[in-house]
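Going line by line, the protein sequences match chains D and X.
Quick note: the first sequence uses this note's numbering, first residue 1, plus one each step.
Quick note: the second sequence uses this note's numbering, first residue 1001, plus one each step.
Keep in mind that the hints were calculated from the coordinates and are not lab data.
Treat the hints with care, since some could be wrong.
A short list of chain D residues far from chain X (calculated; beta carbon distances all over 10 Å) [said to hold, decoys possible]:
id	residue
1	E14
2	G42
3	L45
4	P81
5	E83
6	R85
7	N97
8	G99
9	G105
10	E106
11	G107
Here chain D is said to cover these stretches of chain X; the calculated rule only asks that three of the stretch's residues, wherever they fall, bring their Cβ under 8 Å from a Cβ of chain D [to be verified]:
id	stretch
12	1004-1016
13	1072-1086
14	1098-1105
The following label-pair restraints were derived from C-beta to C-beta distances [to be verified]:
id	chain 1	residue 1	chain 2	residue 2	range
15	X	G1041	D	G28	21 to 29 Å
16	X	S1008	D	W109	21 to 29 Å
17	X	D1039	D	F74	23 to 31 Å
18	D	P54	X	S1065	16 to 24 Å
19	X	E1077	D	F74	25 to 33 Å
20	X	H1038	D	E44	41 to 49 Å
21	X	L1054	D	P61	24 to 32 Å
22	X	Q1076	D	P81	45 to 53 Å
23	X	A1050	D	V53	41 to 49 Å
24	D	G28	X	Q1002	39 to 47 Å
25	X	D1039	D	M15	44 to 52 Å
26	D	R85	X	E1056	39 to 47 Å
The C-beta atom is built at its ideal place from N, Cα and C for all residues, glycine as well.
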Amino acid sequence: DAGVIQSPRHEVTEMGQEVTLRCKPISGHNSLFWYRQTMMRGLELLIYFNNNVPIDDSGMPEDRFSAKMPNASFSTLKIQPSEPRDSAVYFCASSSNTGNTIYFGEGSWLTVV
Amino acid sequence: GQSLEQPSEVTAVEGAIVQINCTYQTSGFYGLSWYQQHDGGAPTFLSYNALDGLEETGRFSSFLSRSDSYGYLLLQELQMKDSASYFCAVRNAGNMLTFGGGTRLMVKP
């Protein structure tokens, strides 16, 4: 079975550029999460969708960040404009409403120079 | 708010037993999860405790005491491949997980 699929795996971009990260959750999962991981701040929840609806976006750092889930099989996290402090690994994860486990993708490694 | 505390680093030798503790402060607690993450990899699920007591899965066990807001992960018969970071995470409503800072386990020969 395919797990959570993220793209790109690695991205290096210049400050000020727009970055779009993509995620395909596990088929049949109702919940989707975007996490950010850095050495300083650890694993932070950015936003949580349930049935394609954003439920909690209190972790989104600022207006430069936005996330969408237009359908059950696709989500994007966009940063515009990007800044060096956005450099991190961004994980997408999904779970079913009946389970207690969330499954992570392999992450998107973002470097903003 | 929510907070989780776990040691930042633990070192043990191959074949030994190690316990990684986690204390938490949270509202709306549903359960405590443990995840393993190797360098450069994604967090992967190890165990989940919703009720007090010990859950055993092979060489790994996890314990929860809700009254003490405390849990631990026990790793037995340590192997070199167990060197990784281990995260406790509190599950809130809707399967949202809030993670601790992680414990880096180094297993030495």
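Now for the hints, and whether the structure bears them out:
1. Non-interface call for E14/D relative to chain X: holds, since the shortest CB-CB distance, roughly 24 Å, exceeds 10 Å.
2. For G42/D, the non-interface assignment is contradicted: its Cβ lies about 5 Å from the closest Cβ of chain X, within the 10 Å cut-off.
3. The claim that L45/D lies off the interface is violated: its Cβ sits roughly 6 Å from the closest Cβ of chain X, which falls inside the 10 Å cut-off.
4. Separation of P81/D from chain X is adequate, the least Cβ-Cβ distance of about 28 Å exceeding the 10 Å criterion.
5. Once the 10 Å rule is applied to beta carbons, E83/D is consistent with being away from chain X; the minimum gap is 24 Å.
6. With 10 Å as the threshold on Cβ separation, the claim that R85/D sits away from chain X holds: the shortest Cβ distance comes to roughly 19 Å.
7. Taking the minimum C-beta to C-beta distance to chain X, about 7 Å, the non-interface status of N97/D is violated against the 10 Å cut.
8. Here G99/D does not stay apart from chain X, with its beta-carbon only about 8 Å from theirs, under the 10 Å limit.
9. Annotated as non-interface, G105/D brings its C-beta within 10 Å of a C-beta of chain X; the closest such distance is 6 Å.
10. Under the 10 Å C-beta cut-off, the non-interface status given to E106/D relative to chain X is violated; the minimum distance is some 5 Å.
11. G107/D, annotated as away from the interface, has a beta carbon of chain X within 10 Å; the closest lies near 6 Å.
12. Chain D is given as covering the stretch 1004-1016 of chain X, and this is violated because 0 residues of the stretch bring a CB closer than 8 Å to a CB of that chain, at least three being needed.
13. Here's how the stretch 1072-1086 of chain X fares: 0 of its residues keep a CB closer than 8 Å to some CB of chain D, so the rule of at least three is not met and the hint is violated.
14. Restraint check on the stretch 1098-1105 of chain X versus chain D: 5 residues with Cβ-Cβ distances below 8 Å, three needed, restraint holds.
15. Checked against the hint of 21 to 29 Å, the C-beta distance between G1041/X and G28/D comes to roughly 24 Å, which is consistent with it.
16. For S1008/X and W109/D, the Cβ-Cβ distance of about 23 Å falls inside the hinted range of 21 to 29 Å, so the restraint holds.
17. Restraint check, D1039/X to F74/D: a C-beta distance of roughly 29 Å satisfies the suggested window 23 to 31 Å.
18. Distance hint check for P54/D and S1065/X: the Cβ-Cβ separation is about 34 Å, which falls outside the suggested range of 16 to 24 Å.
19. Taken as a hint, the range 25 to 33 Å is violated for the pair E1077/X and F74/D, whose Cβ atoms sit roughly 42 Å apart.
20. Distance hint check: the CB atoms of H1038/X and E44/D are about 20 Å apart, inconsistent with the given range 41 to 49 Å.
21. Checked against the hint of 24 to 32 Å, the pair L1054/X and P61/D fails, with Cβ atoms roughly 38 Å apart.
22. With their beta carbons about 50 Å apart, Q1076/X and P81/D fall inside the hinted range of 45 to 53 Å.
23. A hinted range of 41 to 49 Å for the beta carbons of A1050/X and V53/D is inconsistent with their spacing of about 26 Å.
24. Range check, G28/D to Q1002/X: Cβ separation about 29 Å, and the 39 to 47 Å hint is violated.
25. Between D1039/X and M15/D, the C-beta spacing of about 27 Å breaks the proposed range 44 to 52 Å.
26. In this structure the hint that R85/D and E1056/X lie 39 to 47 Å apart at CB holds, the actual value being about 42 Å.
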